[in-house]
Structures are given as structure tokens and as C-alpha cells.
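Enquirer: Top to bottom, those sequences are chains P and R. Counting from 1, position 306 in the first sequence corresponds to residue 306 in the numbering used here; the numbering is continuous, with no gaps. Residues are numbered in the numbering used here as their position in the second sequence, beginning at 1, plus a constant of 307.
Bear in mind the hints are in silico, worked out from the structure with no lab data behind them. There may be inaccurate statements among the hints.
Stated by the list, open to error - Below, a sample of chain R positions facing chain P; criterion: calculated Cβ distance under 10 Å:
#, residue
1, G346
2, F419
3, P505
4, A552
5, F553
6, I655
Unchecked claim - Listed next, the stretches of chain R that the computed footprint assigns to chain P, with coverage defined by at least 3 CB atoms under 8 Å from CB atoms of chain P:
#, stretch
7, 347-355
8, 488-500
9, 507-513
10, 559-573
Note that beta-carbon positions come from the ideal geometry of N, C-alpha and C, so glycine has one too.
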Amino acid sequence: MGIDFIIAAIITVVGLTTPILLAGLGELVVEKSGVLNLGVEGMMLVGAISGFAVTVYTFNPWFGVLGAAAGGALASLLFAVLVLQLNSNQVATGLALTIFGTGISSLMGLSFTGRIVVPFLSVFPESLAKHEYLQLIFGYSPIVYFALIMVPLTTWFLKSTRAGLILRAVGENDLSAHSIGYSVIKVRYAAIAFGGAMAGIGGCYFSMVITPMWAEKMTAGRGWIALALVVFAGWRTGRLLAGAYFFGILMALELYAKASGFSFLPSQFWAAMPYAMTVVALSFISSRGTAGANAPACLGKPFLPST
Amino acid sequence: MTMISRRTLFKGAGAATLATLASPALADDKVKVGFIFLGPIGDYGWTWAHNKGREAIEAELGDKVETIYVENVAEDASAIPVLRDLAQQGCKLIFTTSYGYMDQTLQVAGEFPDVKFEHCTGFKRADNVSTYNSKFHEGRAVLGTIAGKMSTSGVLGYLGSYKVPEVVLGVNAFALAAQKQNPAAVVKLVLIDSWFDPPKEAAATETLINLGCDIVTTHTDSPGPLQILEQKGLHGFGQGADMSAFAPNAHLTAIEDIWGPYYVERTKALLDGSWASTDTWDGFKEGTVMIAPYSKDVPADVVALADGVQAGYKDGSYDIFTGPIYDQDGTLKVKEGEVMALGDLAVIDWFVKGVESAS
Numbered sequence: 001m002g003i004d005f006i007i008a009a010i011i012t013v014v015g016l017t018t019p020i021l022l023a024g025l026g027e028l029v030v031e032k033s034g035v036l037n038l039g040v041e042g043m044m045l046v047g048a049i050s051g052f053a054v055t056v057y058t059f060n061p062w063f064g065v066l067g068a069a070a071g072g073a074l075a076s077l078l079f080a081v082l083v084l085q086l087n088s089n090q091v092a093t094g095l096a097l098t099i100f101g102t103g104i105s106s107l108m109g110l111s112f113t114g115r116i117v118v119p120f121l122s123v124f125p126e127s128l129a130k131h132e133y134l135q136l137i138f139g140y141s142p143i144v145y146f147a148l149i150m151v152p153l154t155t156w157f158l159k160s161t162r163a164g165l166i167l168r169a170v171g172e173n174d175l176s177a178h179s180i181g182y183s184v185i186k187v188r189y190a191a192i193a194f195g196g197a198m199a200g201i202g203g204c205y206f207s208m209v210i211t212p213m214w215a216e217k218m219t220a221g222r223g224w225i226a227l228a229l230v231v232f233a234g235w236r237t238g239r240l241l242a243g244a245y246f247f248g249i250l251m252a253l254e255l256y257a258k259a260s261g262f263s264f265l266p267s268q269f270w271a272a273m274p275y276a277m278t279v280v281a282l283s284f285i286s287s288r289g290t291a292g293a294n295a296p297a298c299l300g301k302p303f304l305p306s307t
Numbered sequence: 308m309t310m311i312s313r314r315t316l317f318k319g320a321g322a323a324t325l326a327t328l329a330s331p332a333l334a335d336d337k338v339k340v341g342f343i344f345l346g347p348i349g350d351y352g353w354t355w356a357h358n359k360g361r362e363a364i365e366a367e368l369g370d371k372v373e374t375i376y377v378e379n380v381a382e383d384a385s386a387i388p389v390l391r392d393l394a395q396q397g398c399k400l401i402f403t404t405s406y407g408y409m410d411q412t413l414q415v416a417g418e419f420p421d422v423k424f425e426h427c428t429g430f431k432r433a434d435n436v437s438t439y440n441s442k443f444h445e446g447r448a449v450l451g452t453i454a455g456k457m458s459t460s461g462v463l464g465y466l467g468s469y470k471v472p473e474v475v476l477g478v479n480a481f482a483l484a485a486q487k488q489n490p491a492a493v494v495k496l497v498l499i500d501s502w503f504d505p506p507k508e509a510a511a512t513e514t515l516i517n518l519g520c521d522i523v524t525t526h527t528d529s530p531g532p533l534q535i536l537e538q539k540g541l542h543g544f545g546q547g548a549d550m551s552a553f554a555p556n557a558h559l560t561a562i563e564d565i566w567g568p569y570y571v572e573r574t575k576a577l578l579d580g581s582w583a584s585t586d587t588w589d590g591f592k593e594g595t596v597m598i599a600p601y602s603k604d605v606p607a608d609v610v611a612l613a614d615g616v617q618a619g620y621k622d623g624s625y626d627i628f629t630g631p632i633y634d635q636d637g638t639l640k641v642k643e644g645e646v647m648a649l650g651d652l653a654v655i656d657w658f659v660k661g662v663e664s665a666s
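Only chain R is shown next, with the shape it has when bound in the complex:
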């Protein structure tokens, strides 16, 4: 086990060095914006989507801004030297794009008060640390609607990473939306303790299928599960990006994370001096969450239902976290007609009725 952690440490150090080497001594009138990424930019999921957002900054503000990124930064202490390195290279704004960088971001932000930080999906802020997030669960409600309507077994699989609020929200939104279509629908949940582990994701998908799931949705980052579903002739959804290239028949649609507009807006705020510490949580309405094109396997009536959910989120008439909502033990958590507050959603740690999970 020590070998593994040492290896990660080496890699962190290596990545930091590479970042130093990769930034050419360009004319210094450009403002530098830094990014640290959890996975490789070629993961076709989470990191890929964040990198698209970075490219949007380059495209729109490329004459004034230079971006630097470091991939494969582990969510442990090795993120700290990487962040320091970016700050010392002159980055004025640094996006830390995963939940596990929370305390590291706060620590380095304390050391560099002139540098602005933006932490994705976290909840700790400071004068120079903003947080931003996306209402992925709105997208999960669309997927749940499709899955609930299309599943013949009524048993749905959910492959997740860790029990963090983002995943819990996703599971709950998916389950509640599926139950609106099929009140008997159950969701079997497997959390694999990793965001990216294709062989384990594949094995977990096989397990869920073997336990009767005919649709599996993924909340981990690789297209591996979709490839298993493709081989078995079943259906699933892409995560973070359109993954239909990996599984043309299995891929029904995907939640796409669109970070570009936010990244551009915040960079502009930095440039004109209006940047302030904020907490942003956007969804369908603001265009941060999008649904990829539906595959031909989604029937017209299901498309209409799914579009209805999206339209409802855009005009504010739909919220999946509207009571009555019961937890796994059958305790009433949200009363009839009440809607869960954003603050409660952000720290949710219980699953709704119909979710079968190990914890």
C-alpha cells in the first residue's frame, strides 16, 4: 500500500514539474488562469468536460488570457504543491475541479491571498475562494424518467463513486423520477470507491445486470459500463459527456456538463475587477446541465416525458425534490407539497425509498 501512495506522490511531483516546463515564457501581459484536473483530459467524461470549459476561455478571451492545466492530480496532499506551483507561475485565477481538493484549495488560498480560487462541488469558501456546482440531479431526473418508463424489469442499476452529496442527490433524483413512471421501480446502488476504474466499473455493471437490472446509469467517469451494456444488448446513459461513440446502441442519452459559460464569466469578472467570492449552483435554466441527443431507441412518448422534465426545470414548474419523499426506512422526510431547500440538498446524506444500497 505504501508503494501505491508513493507512486501517486511521485506522479504529483512529476505533474507539477511538467506544468512548470509546459508553460512557455510568453509575453507577460496575458492573465494566467490555472486548472487542476482529477483525471486525464481524455477521459471523455468529467475531466474532458472541464477541459472543454477551459478551451472556451481560450476561444473567447485567448488574446487576454492564457490557461494552464495539470491533469491527474490526486485528491490528497499532493494537490497542494501542484496548486502552489500554479500560483507561483502567476495564475491569478485557479479552478480546482473536484470535491476532494476542498481543504487543499482553502490552504493554498490562505497562502496566496492575491490569487482567486474557484472550487467545484465543495462548500467551503473564503474571501478569495468561490464555490460552483452544477445541478446534475436535474439531469438525473431526466434519466430516471426515461429509465422508469423504458425498464421492463423495474429494477434499475446505479453505479456510483462515493457517498458524497452530489452522488446521493443523483441517486435520489433518479429513483424518484423513475418511481413517477413506475411506482414499483427500485434502484440498486453500487458505490465502487473510485471515480475512474474501468475494470471495476465493468465488473460492477455485470453484477448489477446479473441482479436483474435492465438499465444501468453511471455516476463514475469512464464509458466502460456502457460498453458492457452494449455487449449485453441493454441500455444506459453517458456521464458528463455524450458517450454514444463508445456504445452506439446502449447509449440512450447523456448528461452533459457545460462549464464554458461559467468559466468565461468568472474570467471576465477577474479581468474587470468585479470578481467576488460567491456560491453558484446552476442547472438546466442557466445551461450548465444539458441532455445529449436521444438515441433512436427512446420512443416518442418517452422523449416527450423527458423533454417535459427539462422544460419544467427551465420554467421552474418542476422539481423532483417535491414531497412527499420517504427515506429508505419509510420515514417521511419531505411533507406533501413542500420542496427541499437548496441548503438541505447540498448536504443530503440519506437515500429515498426504493434505493437498495449497502450503506
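Next up, chain P with everything else stripped away, as it sits in the complex:
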């Protein structure tokens, strides 16, 4: 088991982790604003086909990523209108968004099945990534670096900026935020659109990087793992990053265990691990009492001001 082996395994883990990290970061911001959007899977699928389609037409993966972000954001705005303007139930509307996203992405993708694009891999000069150690640093798609940069940026935004403070205020106590003059609806629109864009970029990682093609339902449930991840992380960005890599390592471990012939645990155990770990994390958080308060107080509740 040489160093190349470990590096190749790490690259696989990064590939498994990046999409759920992106979608999870977006969802974290949405939930921090007090909105629960269960439509992550749908938005990822719309992002996957949007990114792929734009890349096919423009031959430019950068435009593809922008297209994926736009597609995911557009899908999320549909959800936003329903839950913010019409005060529909967030859980039901989120589930509907997943079903809608699955359907609309299949429809959009009809003319794109069977086509391929050039995978959106490392943009660094090849000489940089030649050595195996350097490959570990320079060998990824730009989307991977984007995801990693977005973690501290989101932390900084939520913790240290005025806008982030307002967003958290809206999520913790929407009526108070409203009474001192902040527009709860506008803040939540912005948060939902950001979540949609991030889910879209996460989705296009599948259709433009891992397997550069379009296939219906190609995200295969990763949106649900991203949702579990936000809860697992206790709505903290740093823990979200750690959690995403933890889930990614679990997924890779399953494959390595199987390919190496280990059968000490049934594979269903591995598949259930992200969800089981989320339950464990939730129990742990709530057993500590005060730390459980990290869940935004207005999460999932409609905003119904009296004035």
C-alpha cells in the first residue's frame, strides 16, 4: 500500500464529498434564515442538467457552472414564492420541489441523453500536477476549490458581517427582526436563492466532473445526504466541512472494504451510516441541552406578522 494508493483514495473521497459539501453549505444558510428547504435533491438535478446543457452549447465549463447556479437558484425561487408569499407548508413544498426538480430535469435532459462533454478537471498547468504529491493539491476541478473557499467565506459572512447578523436574526426571531425594520421576506428570498445556487453547483459536479454526461436522477439521493449533513453539523460551517468529509470517507470505505474482500459488516450498514450518524449527532447535541439551541428558532415556521 504505497503513497499513490492513498493519494488515489483521497481523490475519490474528495469527489464523493464536494457535491454534498456545496449543497450542505447552501442549505445551512437557508436554514439559518429560518427556512427548511427539503428540495435539495431536486435543485441538484436541475443544476446538473443546466450546467451540462450550458456546457454543451457554449463549450465553456465556467459558463456551465454559472448555468448550474442559475438553474438551481431558479428552481429554489419557485419554492420561495410558495413558502414566502403564499405561506405554504415548507416541508410539503420542499418535497414537492424534489419531485418537480426530478421531473423537470428529465424533461430538460431529453435531448441531452447520450451526449458527453469534456470533464471539467484541473485548470492548473499539467506540469504542476505531474508529481503525485502535487496532484493532491492541484489535481482537482475548480469546483472543489470553490467549495473549500466557500466554507470560510460562509463562516465569515454569518459571523462577522452585518448582513449575516440580520440573516441569523431573521432565522432566530422573525417577528423581532421585522419589528425593527428588516425585511424578513427579502432576506429569506436571498438565502433560498443562495441555497439553490449552491445545490445547483453541487449537482453539476456530477454531470460535468465525475461522469461528464446527463442521466436522469443521476444525483441518486445525494441531496438527502446533504440535508442530513446540515443537521449532523449542528448548523455550524466548520463542522459541516468535517461532516462532509466524514460522510465522504464512509462512502469510500464501503467501496474499499468491498473491493478488498472484507465482509465484516453488511453493505446496507454502510449505506445507512450517514443517517445513523445524524441521529447519533442529534441525540448528542440535544443531550447537552443548551447547544441544541443552535438550531434556528424559526426553522420551518411560516412568517406571519400581525402588521
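Given the structure of chain P, go ahead and fit chain R onto it with the hints provided.
Expert: This is chain R only, laid out in the frame that chain P set:
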């Protein structure tokens, strides 16, 4: 987890409704034939091939027959309302095209005794339920021959879905054929618990490559693994259909599932009243299994070997399940000169020597 199952349920219900909406009230003199598909018809693999078979019915018998299909039907209880819906729409013959629809097919067949059912790759029959299957393992023997001859590491990867007889047969045929070319060849097996999960298929392919496999064959339905092999400059095979468009250099050849002739034959039998419950298991000889054109990377001597296997299956002189065959523990399962019976093949649950697997 409940969310996921609820989502699937919604989708099943949605799909059923769509099927209802999608069938126009045409003149009723046409006989309706229904299909339920596991994946999307655009998967370029399993479901795509079954849909080609459906199109063959339309092409040949389109003046007498109308076909209806429902895609993305999960292999759980949600298949039952979809099947009932097809029967209530007036389908006289319904093809259920995946193993996991077995009990659902039997149940709905019991409720609609006048409707004929055809279940693909299963083993439970009734007066109005036939089963049909394809000897994919004959194709796997061709792929194994090519892989065994072309691999430089002698370590081959096999990416499968579940431990069901079809996959076990495929793994065994592939491994045995590879060992005929290279007695030291080993096959590393990963079963990913899904027929269609491109990111997981891709990650599993990367894993197999990292563990030393230089040729990976897939028994899951997406072209994802081939795209990984393409990026790494290695080789693999298409599954269910020619997938060379997805990986022009990595794609050596593919097993193509040709369902059209069977579907047409059974529909004709329905029309002329000769339909009876049967168990069909066709292969190269009947044209149900075909090998896609070889890529330029397959050397002439390997092509000759691969063609020899196909010819042998067609004239009956070749059978990969000819003894001696040992299982993973080295126990002799099939004696020298004996050939495994079809009945034993249909329920096989052990892997041959040289297969490295987790279970």
C-alpha cells in the same frame, strides 16, 4: 429514510397518473401491451434496451398493437398500483422488466386472470405469468476472454449491483473465461446495492483501479464507469447497449440485450391465441445476446478468440460452465467434463475460484 421512501411512493403514484394521462383514447380495436421499466428509457443500458424491444413491437405490429410504458418504477410495493393501472387501462399483455417485480407481478396477475404477464429474469410462474431471460453470461464469457487476454496486471474489476443469480453468473462466466486466457487472473468484485447510481459507480470504478485493476467490467446500468476508465486511459465494456459514444477509447465492446424478437413473438402469440405460460432463456444462438463491434484497441488475435466463443455458443460446442470448476474456497463444484445444468445456473449463489468478493 422515511422521506426517501415517501418520495419514491409519490413518484410511483405520479408515474401511474402520468401513464393514465399519456394513453389517448384511441380506437379500441388495437390490443394494448404494457411495460414497466426500472430506470429511465434514456439510461443507455438496461431500460434503453427493453424500450428498443418495445419499439420493435410498434414497428412490426403497430397496426394491431398499441404499447404503453411506465418508466422509473421502483422494485417495491409501489409497482403494484402501476401494474393494476396498466391492466385497468386494458393491457392484455404486460412485460415487467426487472427481477425485483417478481412478487408484485404474481400478485397483480392473480387479480387479473385475463391479462397475460411476462416477468423478466424471475423464476415464479403462473397460468398467466411467463418468465423470460437472456443468457447474459454467454456475453460475459466473451468479455472475460478479451479481458483475460488483454490485461497486463491480471487483476480484473467487476462492478455489480446485487448478489442475484444473474450477476453471480456474470461474475463466474467472466472469471472462468479470463482464467482460460490467464490462469492467474483474479477478479475483484464490488456490489454497490444499486442498478443505477452514477456517482457511486464512478467511485467504485476508481476504487477498483486503485486496487490494481486495469480492465473493469460493469454489471450496473450507467456509462459512468466507462467515463472514469476513459479519463484514466484504461479499458472496459458497455453493459446492455453499445456505450462507445460515452468512452470512445475505453470501450472495447459491449453486451447488447436484444429483446425485440422475443417481444414480437410473444405479442403475436397473444394475438393468435397461442400464448401459454412458458420459461424462456435465450442467448447467442437465438440472437438475444449480441456483442457490439470491437474497438480498434482489441488486437486481431483477441478478436479471433472472442469470435470463437460466440461461434461456440451458437453451434453448441462451447459452454463456460464446463468442469472442473472450483468455488472460492477451492471446493470442487463441477467435475471434469460435466456441464452445469440450466436449473443449477438459474439459482447459483456461489462464486468461482479467483473471485475476490466481500460476500
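Enquirer: Take the hints in turn and mark each one as holding or not.
Expert: Status of each hint after checking the structure:
1. Annotation: R/G346 was flagged as interfacial toward chain P, and the flag holds, the nearest CB pair being 8 Å apart, inside 10 Å.
2. Interface hint at R/F419: violated, since its Cβ lies 29 Å from the closest Cβ of chain P, which is beyond the 10 Å cut-off.
3. Contact between R/P505 and chain P, as hinted, is supported at the beta carbon level, the nearest pair being about 5 Å apart and thus within 10 Å.
4. With 10 Å as the threshold, the beta carbon of R/A552 comes within range of chain P, its nearest partner Cβ sitting at about 6 Å, so the hint holds.
5. Because the beta carbon of R/F553 sits about 6 Å from the nearest beta carbon in chain P, less than 10 Å, this interface hint is met.
6. The restraint placing R/I655 at the interface with chain P is violated, with a minimum CB-CB distance near 19 Å, outside the 10 Å limit.
7. For the stretch 347-355 of chain R, the proposed coverage by chain P is satisfied: 4 residues have a C-beta within less than 8 Å of a C-beta in that chain, meeting the threshold of three.
8. Coverage of the stretch 488-500 of chain R by chain P holds in this model, with 6 residues showing a Cβ closer than 8 Å to a Cβ of that chain against a need of three.
9. Check on the stretch 507-513 of chain R: 6 of its residues sit with their Cβ under 8 Å from a Cβ of chain P, so the three-residue criterion for coverage holds.
10. With a cut-off of 8 Å between beta carbons, the stretch 559-573 of chain R has 0 residues touching chain P; three or more are needed, and the interface restraint is violated.
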